[in-house]
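Colleague: Protein chains in written order, with my numbering: chain L, 1 to 373; chain Z, 1 to 108.
These aren't lab readings, by the way, just hints derived from the structure by calculation. Treat the hints with care, as some may be off.
Stated by the list, open to error - Stretch-level coverage of chain L by chain Z, calculated; a stretch enters the list once three of its residues show a Cβ under 8 angstroms from a Cβ in chain Z:
| # | stretch |
| --- | --- |
| 1 | 115–126 |
| 2 | 148–155 |
| 3 | 163–174 |
Claimed, not checked - With a Cα cut of at most 30 angstroms, we get these calculated BS3-like pairs of lysine-lysine:
| # | chain 1 | residue 1 | chain 2 | residue 2 |
| --- | --- | --- | --- | --- |
| 4 | L | 110 | L | 92 |
| 5 | L | 211 | Z | 104 |
| 6 | L | 108 | L | 30 |
| 7 | L | 265 | L | 332 |
| 8 | L | 239 | Z | 56 |
| 9 | L | 211 | Z | 52 |
| 10 | L | 211 | Z | 103 |
Unchecked claim - Simulated DEER-style distance windows between Cβ atoms:
| # | chain 1 | residue 1 | chain 2 | residue 2 | range |
| --- | --- | --- | --- | --- | --- |
| 11 | Z | 17 | L | 223 | 39 to 47 angstroms |
| 12 | L | 330 | Z | 13 | 42 to 50 angstroms |
| 13 | L | 4 | Z | 88 | 31 to 39 angstroms |
| 14 | Z | 102 | L | 357 | 46 to 54 angstroms |
| 15 | L | 223 | Z | 49 | 23 to 31 angstroms |
| 16 | L | 349 | Z | 88 | 51 to 59 angstroms |
| 17 | L | 5 | Z | 17 | 40 to 48 angstroms |
| 18 | Z | 88 | L | 61 | 32 to 40 angstroms |
| 19 | L | 357 | Z | 88 | 48 to 56 angstroms |
Here the structure is a predicted model, which means the values were calculated and not measured. For glycine and all other residues, C-beta sits at the position ideal for the given N, C-alpha and C.
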Amino acid sequence: MKIKEVDIAVVGAGSAGLSAAYQAALAGAKVLVLDENRLPGGQLFKQIHKFFGSRAHQAGTRGYTIGHQLLERVEKSGAEVWLNTLVYGMQKDCSLGVIHDDQHWTIKAKKVIVATGAKENYLAFPGSTLPGVMGAGAAQTMINVNRVLPGQRILMLGSGNVGLIVSYQLMQAGADVVALVEAAPNIGGYGVHAGKIRRAGVPFYISHTIKAVTGDGQVEHVELVQVDKMFKPIPGTEKTFDVDTVCLAVGLNPMTELIWMAGCKFCFIPAFGGHVPLHTEDMETTVPGLYVAGDVTGVEEASSAMEEGNMAGVAAAEALGFLTAEDAEKKKVEIRGRLNILRSGMFGERRRTAKTSQLQSMSDYQAQKGGVQ
Amino acid sequence: MRVVEHPILDELDTTKEVTIYCDGQPITALEGEPIAAALMNAGIRSFRTTPKRKEKRGIFCAIGRCTDCMMIVDGVPNTRTCVTPVRAGMCVKTQEGLGTFEKKEEVQ
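Generate the whole structure from the sequences, applying the supplied hints.
Modeller: Right, dumping it as structure tokens:
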């Protein structure tokens, strides 16, 4: 077993992890980023649409372009990035068990930033395990990164931004989107995304859900059924479509396995996808020296993940003395300002409320323990 | 089917091909792509069967999280094909249940 010591270890080379690594390395810390994948960038490189928000958040820039810019900045910052590297465990002292180049390493870092992201939710219905039923994000990876169509005739379940954007991107890749189905009585995502696919002629079935998927060894048909206000199926309203693929865009959940191991305290926030770690405004968890950033702290989107990464990187560097309190505060004020903008407006309000309650839970926990550590 | 031309992304470079074998059948893959992408392009959608009910499974998450796409790759079972790149001459097999390790002479 080999041992490597660094100032700051970052787990995950996606939007949040790369941002954290950049900030910390820029401040002068010795930073090591660990990621299981062959390529850095997390899920940014499958985002071929233009981002929303303000100019400060690179609105109008496509996700993969932002990914390239972030990578370039990290390379220049001097942070070391280990790819094809599996972090399989974390001790209570935050040392990391790692497999890198087929060798077992222990990474000892003074501060650890976990930015492991989120994974797609599954939805059970008869036939939901048939080959051809997949996550909408999976289909997006297939077409935009791997450049293979997962199917020709596709039904999308879920009308949040993921369902809407991936439907459009499936059409750009050459597939037919047969229907977009939403159990709620309204479309969940932005009107601008919904409008694009509606104008392209995709029928929307709101207040509908999947009753069953059938086929001989793979998806061949899908049966929809209308639901009432209590989401109960209404008999006699079934409709059947011939499809070869069903995509599920029914939310994501934070990948918290590592930080559970370290003994972090959690709270349950449905709007954030389930159990999320308590953390301070500095992104530090209840385990001293362990920071979190991005979707692992609660599912939001790439822009806020990058800002949380920035915050964690600045705070961890400050805690190690690489930034003065004054310099760090200046950066944090800017980051907090940008985060507040991202969590405002009609679509941001729910996330702002959720984040406020998560931060409050942390304050309550600290008060109970007898002050800030 | 490959997404070669795309309104936003660059045209896909399809010049560097390698051959892999799935259950003995040769399949053309693009250098460096995940096994699952090559199989999906070849129209293969069932990657394994479940241990108890012997049900077919294919891709679900495509980012190495769900383990639905596991196959026996060069004799090693439970290999996540969505995050494992192809290599010329690679032997991929449909995995029944939990799968078993294969000796060198059994691979092919």
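Colleague: Hint by hint, note whether the structure agrees.
Modeller: We went through each hint and held it up to the structure:
1. 115–126: Contact hint for the stretch 115–126 of chain L vs chain Z: holds, 3 residues under 8 angstroms.
2. 148–155: holds (count 4)
3. 163–174: holds (count 3)
4. 110(L) to 92(L): The given pair, whose Cα atoms are some 13 angstroms apart, holds under the 30 angstroms limit.
5. 211(L) to 104(Z): violated, 46 angstroms
6. 108(L) to 30(L): OK: residue 108(L) and residue 30(L) at ~12 angstroms, within 30 angstroms.
7. 265(L) to 332(L): holds, 24 angstroms
8. 239(L) to 56(Z): Holds, at roughly 25 angstroms.
9. 211(L) to 52(Z): holds, 24 angstroms
10. 211(L) to 103(Z): Outside the cut-off at roughly 45 angstroms; violated.
11. 17(Z) to 223(L): 39 to 47 angstroms: This hint holds: roughly 40 angstroms between Cβ atoms.
12. 330(L) to 13(Z): 42 to 50 angstroms: Roughly 45 angstroms apart at Cβ, these two residues keep to the hinted range, so it holds.
13. 4(L) to 88(Z): 31 to 39 angstroms: holds, 34 angstroms
14. 102(Z) to 357(L): 46 to 54 angstroms: Between residue 102(Z) and residue 357(L), where Cβ atoms are some 52 angstroms apart, the hint holds.
15. 223(L) to 49(Z): 23 to 31 angstroms: holds, 25 angstroms
16. 349(L) to 88(Z): 51 to 59 angstroms: Hint holds: Cβ distance 53 angstroms, inside 51 to 59 angstroms.
17. 5(L) to 17(Z): 40 to 48 angstroms: holds, 44 angstroms
18. 88(Z) to 61(L): 32 to 40 angstroms: holds, 37 angstroms
19. 357(L) to 88(Z): 48 to 56 angstroms: holds, 54 angstroms
Checked against the numbered hints given earlier, the structure breaks hints 5, 10 and satisfies all the rest.
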